[in-house]
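Q: Protein chains in written order, with the numbering used here: chain A, 1 to 283; chain B, 1001 to 1290.
The hints are simulated quantities; they were obtained by calculation from the structure and are not laboratory data.
Since we're looking at a predicted model, the values are computed, not measured.
Heads up, a few of these hints could be off.
With the Cβ distance kept under 7 Å, some of the chain A side facing chain B (calculated, not the full set) [claimed, not checked]: (1) V27; (2) S38; (3) S53; (4) Y99; (5) A100; (6) L132; (7) L182; (8) N185; (9) G237; (10) F255.
Covered stretches of chain A (chain B as the covering partner; in silico rule of three or more C-beta atoms under 8 Å from a C-beta of chain B) [what the hints assert, rightly or not]: (11) 12-19; (12) 69-80; (13) 90-97; (14) 118-131; (15) 134-144; (16) 195-205.
No residue lacks a Cβ here, since even glycine has one placed at the ideal position from N, Cα and C.
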Amino acid sequence: MRAAARGPATTGQRASRVLLMLWYVLVVAFMFAPIVTSVIYAFNVGSLGKQTSAFTGWTLDWFGAAWNNVSLRTTIQTSLVASFWSALISVIVGSALGYALVRHPSEAVRRFLTGLTYVLLIVPETVTGVSLLLFYAVTRVPLSLVTLVLGITPLAISVTALIVRAGVMTLDRRLDEAAADLGANPWQALWFVVLPHLTPAVLAGALMSYVFSFDNLIVSSFLTTPQVSTLPVYLYGSLQYGPSPAVYAAAAAVFIFTMLLLGIAALLYRLVQQRGRFSKVSR
Amino acid sequence: MPDTKPNRPIANRLRDHLFAGVPAIWLFLFFIAPLCFTVVFSFGHASFGGVALGFTLDNYATALSGFYLTTFLRTLQFAATACVLCLIAAYPTAYFIARHAGRFKTLALVIVLVPYFTSFLIRVMSWQILLARGGPIEAILNALWLHSGPLDVMDTQTAVFIGMVYAYLPIAVVPLYIVLERIPMTLVEASRDLGSSRWQTFLHVVLPLSRPGIATAVLLTGVPMLGELVIPGLLGGDRGVLMGQAISSQYLGSQNYALGSAMAVLVLIAVAIIVVLLARLTRGFDEVSA
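Kindly produce the complete structure, drawing on both the sequences and the hints.
A: Written out as structure tokens, the structure reads:
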């Protein structure tokens, strides 16, 4: 109808759509180029045990080399453990925060907490990192796995809180009230009524905080010691003196691990959404 | 209120206070308190490997002069440029996803976001290979006749800009996508029916309405860029050190905690100013969350 009224406009519209699509495709290529590169170069022969920018040939040796590298294995272990604890803490603290961001009765408290959550996200990590280093130096707490976990939790908490907040926003307030009217105390209402509805958000928050904690580099780099080091910090360090392709092999393995986790997260989310749809129908 | 539940409000209040209090205390202990230490130390007297508490502005005087001032200004300029480049790249992307991708909207958004969830370090270190002499991009550009001979991008500002835009593009796309998706089609049609061209409609209707998204995108990209440490470190070479590297070397290298703290506080002040400016820019709009 409108197309008939404005003949030439549609050509222009089509042209701009094609241009935008072209741009989108370019951006996607730009986004994936480094990832594809890092995976391909994990198979690069390299030269004299170092990675080279020119591809010199295919080999699988570096995966074995990465596996046999003791420091790589220890740091991966540390990373897995540290991000597990960080994710566990942020799921509890971050979910509570996400709930309070929407439901706390006081407007002032809600605004304050919202501000705090955003501040966590935007303060440059370098500043957070040096501050934590200073903090532990002054309070004479020796750096350990515990201080590392405590250092990376704030970021993970704010990520979880924002995801859970989005979930709480879609919740009907009357659910809480109905539960209370039917005799549930606030904790029962939370456990039996609110939490089941928030499961996808909480799970997504848990996995996101795990991924973010596992990947944390800047804050961790200030809090790691030769004894307690994480994979990103170790990889970053090894980049300073011409990395071996084994670093890329380890990176490729981590990439697959992360993709698996995200895939599981997406699947879980789907599943819970479907369950929600069924329960709506039966209601 | 029926009198059958007299103590329910108290229990409710306990829950509310716990849910707000525990996270607040946690974040104060492990985030705000350390930042306060930095602020206090920035006024202290420096000595090697330690700081004598006190009140002096010497550290700020040092941080705002000579090499350190140049570094600070360079960082501001760098972050501003990288942020603008990032927005220029992200806006059409978000626009396409929100208004032209149709039923593939979610998929199109997810595809752009997936790289963001892979390891930051791996993505940045791959640019070392991509941009290096004799690397893949040199080969491609030469093959396309767009460039001839070796590529001299690694260890330059250009490489740092590419890395910054690359690393922050996905988080710029999200808030832009959210606002663009919410702008009602009817508004655009109304503007067109009233006789404005598509370009005018975009400039006077769509762009002003996407202001909160732009502000959020700047907040999530430009502000963290002020402290960026890894990207300039891996791609920028030794010249043109940025604030993040300068601060970190005060702590890990020369052990001048007082000067490092003053520099960190300067970054925080810059952050605060940007946040206030952005809040003004979006006043009157509902908060747009990422």
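Q: Run every hint past the structure and note whether it holds.
A: So, going through the hints one by one against the coordinates:
The criterion of a C-beta within 7 Å of any C-beta in chain B is met by V27(A), whose closest approach is roughly 5 Å, and the hint holds. The interface hint given for S38(A) holds, since its Cβ lies 4 Å from the closest Cβ of chain B, which is under the 7 Å cut-off. The closest approach between the C-beta of S53(A) and any C-beta of chain B is roughly 3 Å, which is under the 7 Å cut-off, so the hint is satisfied. Checking Y99(A) against chain B by beta carbon gives a least distance of about 5 Å; that is within 7 Å, so the hint holds.
Because the smallest distance between the Cβ of A100(A) and any Cβ of chain B comes to about 4 Å, under 7 Å, the interface hint for this residue holds. With 7 Å as the threshold, the beta carbon of L132(A) comes within range of chain B, its nearest partner Cβ sitting at about 5 Å, so the hint holds. For L182(A), the interface hint is violated, the least distance from its beta-carbon to any beta-carbon of chain B being 11 Å, above 7 Å. Hint on N185(A) holds. Least Cβ distance to chain B is approximately 6 Å, under the 7 Å limit.
Interface restraint check for G237(A): the shortest CB-CB distance to chain B comes to about 11 Å, outside 7 Å, so the restraint is violated. Annotation: F255(A) was flagged as interfacial toward chain B, and the flag holds, the nearest CB pair being 6 Å apart, inside 7 Å. Here the stretch 12-19 of chain A counts 4 residues with a CB under 8 Å from a CB of chain B, which clears the bar of 3, and the coverage holds. With a cut-off of 8 Å between beta carbons, the stretch 69-80 of chain A has 0 residues touching chain B; three or more are needed, and the interface restraint is violated.
Restraint check on the stretch 90-97 of chain A versus chain B: 4 residues with Cβ-Cβ distances below 8 Å, three needed, restraint holds. For the stretch 118-131 of chain A, the proposed coverage by chain B is satisfied: 13 residues have a C-beta within less than 8 Å of a C-beta in that chain, meeting the threshold of three. Under a criterion of three residues with beta carbons nearer than 8 Å to beta carbons of chain B, the stated coverage of the stretch 134-144 of chain A is upheld, 4 such residues being counted. For a cut-off of 8 Å, the count of residues in the stretch 195-205 of chain A with a CB near a CB of chain B stands at 0, and the three-residue condition is violated.
This entry does not satisfy hints 7, 9, 12, 16, going by the numbered hints stated previously.
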